[in-house]
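Participant: Throw the hints in and build the complete structure from the sequences for me.
Listed here are the chains, written in short residue letters.
There are 2 protein chains.
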Amino acid sequence: MNQTAAQSVSVDLQAFLEEKRELVDRWLDRFLPPEGEPPMVLHQAMRYSVFAGGKRIRPILAILSFEASGGKGDVIFAPACVMELVHTFSLVHDDLPCMDDDDLRRGKPTLHKLFGEGVAVLAGDALSALAFELLAPFGPEVLTTFTKALGPRGMLGGQVGDLKSEGKKVTLSQVEEIHKMKTAALIAASLKIGALVAGAPKEEVEGFFRFGEKLGLAFQIVDDVLEATGNDLALGKVTGGDRRKEKATYPSVIGVEKSKTIARRLVEEAKSEIVFPDGNYPYLSLAADYIVARV
Amino acid sequence: MNQTAAQSVSVDLQAFLEEKRELVDRWLDRFLPPEGEPPMVLHQAMRYSVFAGGKRIRPILAILSFEASGGKGDVIFAPACVMELVHTFSLVHDDLPCMDDDDLRRGKPTLHKLFGEGVAVLAGDALSALAFELLAPFGPEVLTTFTKALGPRGMLGGQVGDLKSEGKKVTLSQVEEIHKMKTAALIAASLKIGALVAGAPKEEVEGFFRFGEKLGLAFQIVDDVLEATGNDLALGKVTGGDRRKEKATYPSVIGVEKSKTIARRLVEEAKSEIVFPDGNYPYLSLAADYIVARV
Numbered sequence: 190m191n192q193t194a195a196q197s198v199s200v201d202l203q204a205f206l207e208e209k210r211e212l213v214d215r216w217l218d219r220f221l222p223p224e225g226e227p228p229m230v231l232h233q234a235m236r237y238s239v240f241a242g243g244k245r246i247r248p249i250l251a252i253l254s255f256e257a258s259g260g261k262g263d264v265i266f267a268p269a270c271v272m273e274l275v276h277t278f279s280l281v282h283d284d285l286p287c288m289d290d291d292d293l294r295r296g297k298p299t300l301h302k303l304f305g306e307g308v309a310v311l312a313g314d315a316l317s318a319l320a321f322e323l324l325a326p327f328g329p330e331v332l333t334t335f336t337k338a339l340g341p342r343g344m345l346g347g348q349v350g351d352l353k354s355e356g357k358k359v360t361l362s363q364v365e366e367i368h369k370m371k372t373a374a375l376i377a378a379s380l381k382i383g384a385l386v387a388g389a390p391k392e393e394v395e396g397f398f399r400f401g402e403k404l405g406l407a408f409q410i411v412d413d414v415l416e417a418t419g420n421d422l423a424l425g426k427v428t429g430g431d432r433r434k435e436k437a438t439y440p441s442v443i444g445v446e447k448s449k450t451i452a453r454r455l456v457e458e459a460k461s462e463i464v465f466p467d468g469n470y471p472y473l474s475l476a477a478d479y480i481v482a483r484v
Numbered sequence: 190m191n192q193t194a195a196q197s198v199s200v201d202l203q204a205f206l207e208e209k210r211e212l213v214d215r216w217l218d219r220f221l222p223p224e225g226e227p228p229m230v231l232h233q234a235m236r237y238s239v240f241a242g243g244k245r246i247r248p249i250l251a252i253l254s255f256e257a258s259g260g261k262g263d264v265i266f267a268p269a270c271v272m273e274l275v276h277t278f279s280l281v282h283d284d285l286p287c288m289d290d291d292d293l294r295r296g297k298p299t300l301h302k303l304f305g306e307g308v309a310v311l312a313g314d315a316l317s318a319l320a321f322e323l324l325a326p327f328g329p330e331v332l333t334t335f336t337k338a339l340g341p342r343g344m345l346g347g348q349v350g351d352l353k354s355e356g357k358k359v360t361l362s363q364v365e366e367i368h369k370m371k372t373a374a375l376i377a378a379s380l381k382i383g384a385l386v387a388g389a390p391k392e393e394v395e396g397f398f399r400f401g402e403k404l405g406l407a408f409q410i411v412d413d414v415l416e417a418t419g420n421d422l423a424l425g426k427v428t429g430g431d432r433r434k435e436k437a438t439y440p441s442v443i444g445v446e447k448s449k450t451i452a453r454r455l456v457e458e459a460k461s462e463i464v465f466p467d468g469n470y471p472y473l474s475l476a477a478d479y480i481v482a483r484v
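Heads up: the sequence lines are chains G and D, in that order. Quick note, the first sequence lines up with residues 190 to 484 if you use this note's numbering. Quick note, the second sequence lines up with residues 190 to 484 if you use this note's numbering.
There may be inaccurate statements among the hints.
Copies of the same chain look alike in the list, so a pair counts if it works inside one copy or between any two.
[Claimed, not checked] Calculated lysine to any residue pairs in the SDA-like style (CA-CA distance at most 25 angstroms, straight line):
hint	residue 1	residue 2
1	Lys353	Asp292
2	Lys358	Leu303
3	Lys358	Glu224
4	Lys337	Phe220
5	Lys353	Asp290
6	Lys337	Pro326
7	Lys357	Pro227
8	Lys447	Ala482
If you're looking for bench data, these hints aren't it; they were derived computationally from the structure. On a predicted model such as this, the values are computed, not experimentally measured, just so you know.
Facilitator: Given below as structure tokens:
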């Protein structure tokens, strides 16, 4: 691909992703309880945290695997939004003083700074409850995929690993393990659930899952590289916090350059997992490239 | 019923409830992840909070409505245990310094005192995730009943109301509203789900739900009366805390005696909702009497 073609694909992809992001935001607005309805402070807090920004990576990936698997219609928006609700729930609890103690998130005050810690704990809990409510009609396989990604061997386990490794010397394989649980599990579940809801064959569903595991790990590495190199603009938060807290990240263990190399290799490996879907749907591979192209 | 007959029924009921409690504990032990499996600190924290005591009221009520509806076999134990997991999750978050700030629960140190606040937040989250995992195979109606009881118009909404009313003057109807959400919603859901899993007819299922709403409110009033009258033995915690924090309770608004009267009336009303099941299964009515007999 020559330079001009690459640019044109890149511009199209950005418009494509932006359109999906706006759609996701519209559906999130429908699914979240109205601010004017009691308990108002809880609903306001839930909405503040969800609409404080965010690239909507997880719901968009769910939509892309749904479309790549031939899925049609609006049925994907509930499970897709579930992924963002649960991601936001994890951020809200992660930002608490007893966890990462962050004052800013995406350039805005974190939820507990505005609403108090008690409301932040409960708003996180309520986002998780809403996620399950929305997912309830989708049957045991979707639900089990989701709870596995969320639980002790998934996102929550990863957050514990993160918390417990602060200030300790960790090996690369320990960091890998934490990131697989903390980030990759939910991204992999988003992709798998998109394919499941579209009714894709089992083998393709598993391909999307493996694609997500690798892409998710690459995504976390890229995020940590952006944080380590102080790229405030790309992250919209006070960077350097990971070093200050001596958190377990790829850049802190093997340095920035080696981390970038690994992230790029992971994205290539990820793409090889989804060669089967229709060649006319290039957006998943492009989105994967786009994620790693941030560094 | 003469005094001797009443005593004998009461003794039988206690043995009956104790047997159910032991069964519930055995199943909770099976459902909770092993302590020796990573992330160990999370699994230890989950187990500590669940096995720090507790009367297992919610799972027992689910089992009783299941049995009263003719349900047979072990299928009820997963949904029954779910109710205890979610109740424990709410206690763990409720005890945090940013919420009720309690050092003792059921006579033992609260989870965050032993494991730190960060782990306590995540262990609560993980108990809630496990609850959904166990409930996933039970179908949309059970799941929706549960998420409704848990969400902003249920338990979590009640906790917000509780938090926001501290130190403020509240009316009796505001307190009633908070308690219906905070406590009665999950108890009503436990009873409804027991009947649903047993395949009871719709009308009976709704009867159990209404029974639970009234019993749940009575239960919270009785708990607050025990707290207000400083009955340490019955609650196994440092009592008087509600007054110290000026929490919204029936005794603080209308006094202890009127609260007792209302609790007793609610139990009578509750029992009238479940006249339909087989007269050979008296345990639900007896358990309702037993709950209010604590004061």
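Participant: Are the hints correct? Go through all of them and say.
Facilitator: Hint check:
Taking the shortest Cα distances, Lys353 and Asp292 sit within 25 angstroms of each other both inside one copy (21 angstroms) and across copies (23 angstroms). Taking the shortest Cα distances, Lys358 and Leu303 sit within 25 angstroms of each other only across copies (24 angstroms), while inside one copy they are farther apart (34 angstroms). In this assembly of identical chains, Lys358 and Glu224 lie within 25 angstroms of each other by CA distance solely across copies; the values are 24 angstroms between and 45 angstroms within a copy. Proximity of Lys337 and Phe220 under a CA criterion of 25 angstroms is satisfied in both settings, with 23 angstroms inside one chain copy and 14 angstroms between copies.
Within a single copy, Lys353 and Asp290 get their C-alpha atoms as close as 15 angstroms, and across copies as close as 23 angstroms, so both meet the 25 angstroms cut-off. Both within a single protomer and between protomers do Lys337 and Pro326 lie at most 25 angstroms apart by alpha-carbon distance, with minima of 17 angstroms and 14 angstroms respectively. In this assembly of identical chains, Lys357 and Pro227 lie within 25 angstroms of each other by CA distance solely across copies; the values are 18 angstroms between and 44 angstroms within a copy. Only within a single protomer do Lys447 and Ala482 lie at most 25 angstroms apart by alpha-carbon distance; the minimum there is 15 angstroms, versus 68 angstroms between protomers.
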